[in-house]
Amino acid sequence: MDRRYVYLDNNGTTRIADEVMEFMHSYDELYGNASSMHTLGRQAAAGIEWARGEVAALIDADSSEIYFTSGASESNNMVLNIFRDMIDDGKGKKKIIVSSVEHPATIETVKYLKKRGYSVEFCPVDRIGRVDLAALEKLVDDDTALVSVMVGNNESGTIQPVKECAKIAHSHGAFFHTDATQAIGKIPVSVKDMDADYLSLSAHKFYGPKGIGVLYARSGSPLSPFVHGGHQEKGMRAGTYNNQAIYGLGKAAELARLNLEEEHRKLWEMREALRKGIEERIPDIIVNGSNDESLCLPGTLNVSFPSAEGESILLYLDLEGIEVSTGSACATGSLEPSYVLLAAGLDVELAHGSIRFSFGRYNTMDDVDYVLEKLPPIIERVRAMSTRKV
Amino acid sequence: MPESFMAQWVYTDTVKDHFINPRNLWKDGEDFVPDGVGEVGSLACGDQMRVGIKVEDGKISDLRWLTYGCASAIASTSMMSEMAIGMTLEEAYHLTPSAITDALGGLPEHKFHCSVLGDKALRAAIDDYLEKNGMENPYKGTIAKIICECKGVTDQMIDELVKSGKVSNFEELQKETGCATACGKCRDRILEELNECLHIYGK
Chain U
0 MDRRYVYLDN NGTTRIADEV MEFMHSYDEL YGNASSMHTL GRQAAAGIEW
50 ARGEVAALID ADSSEIYFTS GASESNNMVL NIFRDMIDDG KGKKKIIVSS
100 VEHPATIETV KYLKKRGYSV EFCPVDRIGR VDLAALEKLV DDDTALVSVM
150 VGNNESGTIQ PVKECAKIAH SHGAFFHTDA TQAIGKIPVS VKDMDADYLS
200 LSAHKFYGPK GIGVLYARSG SPLSPFVHGG HQEKGMRAGT YNNQAIYGLG
250 KAAELARLNL EEEHRKLWEM REALRKGIEE RIPDIIVNGS NDESLCLPGT
300 LNVSFPSAEG ESILLYLDLE GIEVSTGSAC ATGSLEPSYV LLAAGLDVEL
350 AHGSIRFSFG RYNTMDDVDY VLEKLPPIIE RVRAMSTRKV
Chain H
0 MPESFMAQWV YTDTVKDHFI NPRNLWKDGE DFVPDGVGEV GSLACGDQMR
50 VGIKVEDGKI SDLRWLTYGC ASAIASTSMM SEMAIGMTLE EAYHLTPSAI
100 TDALGGLPEH KFHCSVLGDK ALRAAIDDYL EKNGMENPYK GTIAKIICEC
150 KGVTDQMIDE LVKSGKVSNF EELQKETGCA TACGKCRDRI LEELNECLHI
200 YGK
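Residue numbers (numbering that gives the first Met the number 0), protein chains in the order written: chain U, 0 to 389; chain H, 0 to 202.
Looking at chain U on its own, in the form it has when it is part of the complex:
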């Protein structure tokens, strides 16, 4: 095949959809401060309220429960900060429980809290990276303030039993937060169905712009600002509204809702074609996570190549125009490989040799064929160089 450019890092971020880009630009003149009383301000605010409605419709919430933030990292921080405030105030429960495979935006934040003396527990996961519900049941007690478990994992693609986690949390009077960033637009996400009290999402993971996201907080759930200042978002999140980004998020939310089934089908088809192709062409590989369609985000394929190191594979692929990510420590600047894969019991060497392929709406079956042509000789080459032979 002729050289192609194949972007397979859609879990990292996505290209802004053409429809979203066009939509944002169609409101270039709407630069008014949405908090202003004059006409331009009111128009800008109307657009923001439209976007709020679109996000609410996407996750089955009410518009009044949607708070705009700079993205899921901030949303996760905001939730944890609400409970930190309550713990500081000496109001009731003190324990925070998160799964051991949460995104760094959650993991690093609770580690920070733990270091400062807060009570934090990490719930273990099974071999495919799914929360161990029996373990969670044991961890959650009447002193538990908050349980946070993501909908789908960014590295392994594993889908969590969030409904069951919420049930366990609620049975002890704890609140439940879920980070739905990777799941939005790929699988159905309903706050009502999950019975979530809080949910985080980022626009850029589903073809919207970067730097904008949402915290959903169920009506009546505790709330306090993380970013203090102006009275935006009912005083819960200060800062002048980023009009265009919010309109883009609204448009992306609309598209995600309308295209959900088609997107899921297409992503899963490409993921499975790549998985089967790799299994046929490359010996001794391990697929991380699950190959069960109901347990895996449709666009995510995480594969370990024993005796081959991930950063080398990534860079040889990059030279062929194929962009992926790796769980190897070498690519992160730390000395530790992916904690997500290690938490699922994966051997350290296999975590170093893991590659994540993540599909998006702009990928095609030709991309899959191209990867299947370029990848096998690269793995063969890296393995031939290795001190370790498979």
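Keep in mind that the hints were calculated from the coordinates and are not lab data.
Hints may contain errors.
[As the list claims (entries may be wrong)] With a straight-line Cα cutoff of 27 Å, these simulated DSSO-like cross-link-like pairs (lysine-lysine) come out: (1) U:Lys166 / U:Lys90; (2) U:Lys388 / H:Lys131; (3) H:Lys162 / U:Lys388; (4) H:Lys15 / U:Lys388; (5) U:Lys162 / U:Lys191; (6) U:Lys388 / H:Lys53.
For chain U, the structure is supplied; the task is to place chain H on it using the hints.
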């Protein structure tokens, strides 16, 4: 797009060249019988290096290597192989990681330890060659740098203690050597060296 937006490759052109075309790679089934072999690193740490050398008239006449490692490890070992061939054992023994990274046009700071493995494996191969031939090893200890001046603790000492498994943390190292117990100025450098060794030997 402004020119400043144009992406550079993640490493220098020289690193890229050695990454794409590694020199002196130890190929499968190749007729290469080494006079000495050295292996350092561990898979647990994500990098492992094996170096085989042939020695003629006190000089390294040929060298082959294998690595389980990242692009920097591949490039620095490849560069090391080019530099070491033709060197006397003494010169090769004193080949430093910074000489290798300089030749590569530099490596990002967090990648520096990848190049440390190449020259360590080379020294281990020379040690192995001398030992196999019942020859005296005049180089061992000659590259030691004193880190703790008060107690005279060298990087070489820390390396040996970690390699042999006698020491696996700072407290044990202090107990064994007394390092950083007097003025304590060297504490950070001791920790740095210790962590590097723990990483390299996969402890």
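We went through each hint and held it up to the structure:
Restraint check for Lys166 (chain U) and Lys90 (chain U): the C-alpha separation of about 23 Å stays at or below 27 Å, so the hint holds. Straight-line distance between C-alpha atoms of Lys388 (chain U) and Lys131 (chain H) comes to about 26 Å, which keeps the hinted pair within the 27 Å bound. Among the hinted pairs, Lys162 (chain H) with Lys388 (chain U) is consistent with the structure: their alpha-carbon atoms are about 24 Å apart, no more than 27 Å. For the suggested pair Lys15 (chain H) and Lys388 (chain U), the alpha carbons sit about 24 Å apart, so the restraint of at most 27 Å is met.
Pair hint Lys162 (chain U) plus Lys191 (chain U) holds up; C-alpha atoms about 10 Å apart against a cutoff of 27 Å. Distance check on the hinted pair: Lys388 (chain U) and Lys53 (chain H) sit about 23 Å apart at the alpha-carbon level, within 27 Å; holds.
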